[in-house]
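K.L.:
Letter by letter, the chains look like this.
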Amino acid sequence: MAEKLLEVKHLKKYFDTPRGKLHAVDDVSFSIEKGKTLGVVGESGCGKSTTGRCILRLIEPTSGEVIFNGQDITKLHPRDMKALRKDMQIIFQDPYASLDPRKTISQIISEPIIINKILTNKQDVEDRVHELMDTVGLAQRLVNTYPHELDGGRRQRIGIARALAMNPKFIVCDEPVSALDVSIQAQILNLLQDLQEKMELTFMFITHDLSVVNHFSDDIAVMYLGQLVEKAPAEELFAHPLHPYTKALFSAIPIPDPDDQSERIIIKGEITSPINLPDACHFAPRCQYCEENCHHGNPALVEVRPNHFVACSCVEEINAL
Amino acid sequence: MNKEEHKTSDVEEILNIKDLVVDYETEDGIIHAVNGVSLTLGKERTLGLVGETGAGKTTTALSVLNLIPNPPGVIKNGEILLNGKDVLKMTEKELEAMRGSDVAMIFQDPMTALNPVDTVGQQIAETILLHNEGISKKEAMKRAGEMLEVVGIPASRASEYPHQFSGGMKQRVVIAIGLSCNPKLLIADEPTTALDVTIQAQILDIMQNLKKQYQTSMIMITHDLGIVAKVCDEVAVMYAGRIVEYGSLRDIFKRTKHPYTEGLFDSLPNIKERSARLNPIPGLVPDPTVVQPGCAFAPRCRYATEACKMAVPELRCMGNGHYVACSAYDDPNFKIRKGEKVDG
Numbered sequence: 001m002a003e004k005l006l007e008v009k010h011l012k013k014y015f016d017t018p019r020g021k022l023h024a025v026d027d028v029s030f031s032i033e034k035g036k037t038l039g040v041v042g043e044s045g046c047g048k049s050t051t052g053r054c055i056l057r058l059i060e061p062t063s064g065e066v067i068f069n070g071q072d073i074t075k076l077h078p079r080d081m082k083a084l085r086k087d088m089q090i091i092f093q094d095p096y097a098s099l100d101p102r103k104t105i106s107q108i109i110s111e112p113i114i115i116n117k118i119l120t121n122k123q124d125v126e127d128r129v130h131e132l133m134d135t136v137g138l139a140q141r142l143v144n145t146y147p148h149e150l151d152g153g154r155r156q157r158i159g160i161a162r163a164l165a166m167n168p169k170f171i172v173c174d175e176p177v178s179a180l181d182v183s184i185q186a187q188i189l190n191l192l193q194d195l196q197e198k199m200e201l202t203f204m205f206i207t208h209d210l211s212v213v214n215h216f217s218d219d220i221a222v223m224y225l226g227q228l229v230e231k232a233p234a235e236e237l238f239a240h241p242l243h244p245y246t247k248a249l250f251s252a253i254p255i256p257d258p259d260d261q262s263e264r265i266i267i268k269g270e271i272t273s274p275i276n277l278p279d280a281c282h283f284a285p286r287c288q289y290c291e292e293n294c295h296h297g298n299p300a301l302v303e304v305r306p307n308h309f310v311a312c313s314c315v316e317e318i319n320a321l
Numbered sequence: 001m002n003k004e005e006h007k008t009s010d011v012e013e014i015l016n017i018k019d020l021v022v023d024y025e026t027e028d029g030i031i032h033a034v035n036g037v038s039l040t041l042g043k044e045r046t047l048g049l050v051g052e053t054g055a056g057k058t059t060t061a062l063s064v065l066n067l068i069p070n071p072p073g074v075i076k077n078g079e080i081l082l083n084g085k086d087v088l089k090m091t092e093k094e095l096e097a098m099r100g101s102d103v104a105m106i107f108q109d110p111m112t113a114l115n116p117v118d119t120v121g122q123q124i125a126e127t128i129l130l131h132n133e134g135i136s137k138k139e140a141m142k143r144a145g146e147m148l149e150v151v152g153i154p155a156s157r158a159s160e161y162p163h164q165f166s167g168g169m170k171q172r173v174v175i176a177i178g179l180s181c182n183p184k185l186l187i188a189d190e191p192t193t194a195l196d197v198t199i200q201a202q203i204l205d206i207m208q209n210l211k212k213q214y215q216t217s218m219i220m221i222t223h224d225l226g227i228v229a230k231v232c233d234e235v236a237v238m239y240a241g242r243i244v245e246y247g248s249l250r251d252i253f254k255r256t257k258h259p260y261t262e263g264l265f266d267s268l269p270n271i272k273e274r275s276a277r278l279n280p281i282p283g284l285v286p287d288p289t290v291v292q293p294g295c296a297f298a299p300r301c302r303y304a305t306e307a308c309k310m311a312v313p314e315l316r317c318m319g320n321g322h323y324v325a326c327s328a329y330d331d332p333n334f335k336i337r338k339g340e341k342v343d344g
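Those protein sequences? They're chains G and E, same order as listed. Numbering follows the working numbering, with no gaps: position 234 of the first sequence is 234. Numbering follows the working numbering, with no gaps: position 20 of the second sequence is 20.
One or more of the hints may lead you astray.
[Unchecked claim] With a straight-line Cα cutoff of 25 Å, these simulated PhoX-like cross-link-like pairs (lysine-lysine) come out:
hint, chain 1, residue 1, chain 2, residue 2
1, G, LYS86, G, LYS117
2, E, LYS211, E, LYS142
3, G, LYS268, E, LYS211
4, G, LYS268, E, LYS212
5, G, LYS36, G, LYS12
6, E, LYS184, E, LYS212
These aren't lab readings, by the way, just hints derived from the structure by calculation.
Could you build the full structure based on these sequences and the hints that come with them?
P.N.:
Printed below as a string of structure tokens:
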């Protein structure tokens, strides 16, 4: 079995609100092997971005362990954490908001190199910036332009170059293509894939776009209201979605084919409030298979097929396993 | 394109746009947003307007309501016949009567389309009061409640404010406002882009049912080819302010002709078939302030020849209402290679 680069154990993040505890991430555990991509899917408010940020300690988790390269980073001293951040980077969703508008491209990309004192000689830094721009496919002539002069695709390339500046081992990609047009989206996805091969990167790929996640990931985790409801290798998950939420989510994707006859499951209602959740299956209020049993106790992730984990107490009846 | 050859035999025509040209005259130069768009829409049909950011989809749609912000927007040329009457020649009063009652629009972002200080009931009633003379306020509020029920929201929530609704619910309210005066044409500008997929499925379902029930024609603006496949009868693919391909849903999806349309399909990750690499369109959308002499797509097109840079290709009929604007078809043996993977 390949080496685990990242292991998350019982990660929790609760926010205090005037109305009670908001369960943003509610006991999530998973691991990612070196050089692989874990896709995390779910709808707005399911906690996928919070999970990504907790792993990087951009948000301090309430409890749980994040084991990166063998050490639990949730208890690291800020000084050690700073050193470790070189290995763990993030690419943000919005290429318009994640770049400082008052800095040139060269300043944005060189900032982490200078702050972390990777290179001190001015010429070396400049060479490194040029090298990084080449890597992500940005023309050298853009080196002194500002973000507002560029389109979304190019801005996202800057975000990627900045993340690569530290030669990281692990990158959280938080919806890196959802603000882009399809033709540009495909360019960026191909770039990320090439970089992964070339630099042996490990990705946690957060997205709400299921066709993108299928294309990109080795394993996929589906989140609903702060919890993992299903986790399996990508092909297995798309061939045999077992959790009622996953099924509905997949069937809701409009397929670009007029001959597509697949049945659509339209789930009723909307995501319930994540504040003061009861000890029950979180999806139960919207689930068409919901039974009395589902309102008592929160189902745990169980391996129902090899490497295929589902958190649903009715999974066997629904899927005739 | 010529109206006669385009008209689908027995379908009554509700909208006919002829050679529409719209510019935005900004300080940084003239943006050529729409460069000669012609299209027709039959009664109870749904036309999909597809293309990427800056293709001119929304500008075309806003022109139908004569709502192009001026300045900087200027409609330079064209006719927009709505039930035979030119929208661009209407007086302000006629426009007011037309907007909302003949043509309604659903905007992309339901969060900003509603007024935060009025209840949703008031906002629906406002449209009803405006377009129905002599109706009492009480009657209008009652109708507003009925409209909410139509889109699947309990009438009792009419007295709530937009912030009390989720994104999907707000979009339902916007649809209720749009349909409250039984319009003949509904323009939906990316109505589900801001919503989650499961909510998107709900909203598309409601729109489909109501369109049938109210016998409305619809223009669906979207960049999502999956949505097009689900809801549209005809499709117009736009690129840099022009329609580059136009035809029935099957023409566009199964008998794709234009290299740009091909590129759009090849860029999509296929959910049913995982392949190692995507096949994106190289390069970027051209700068709309620069007028190119030739085909706007030529710099990104893998079939482009010198001839493509010389003249803008006209839409030509490929049979049975399927039009394509590409000079490669001067060669009768030309075929695109849709779905084939190429390197680089």
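K.L.:
If a hint holds in the structure, say so; if it doesn't, say that too.
P.N.:
Here is how each hint holds up against the structure:
1. G:LYS86 to G:LYS117: holds (11 Å)
2. E:LYS211 to E:LYS142: Holds, at about 22 Å.
3. G:LYS268 to E:LYS211: holds (21 Å)
4. G:LYS268 to E:LYS212: holds (22 Å)
5. G:LYS36 to G:LYS12: holds (24 Å)
6. E:LYS184 to E:LYS212: holds (12 Å)
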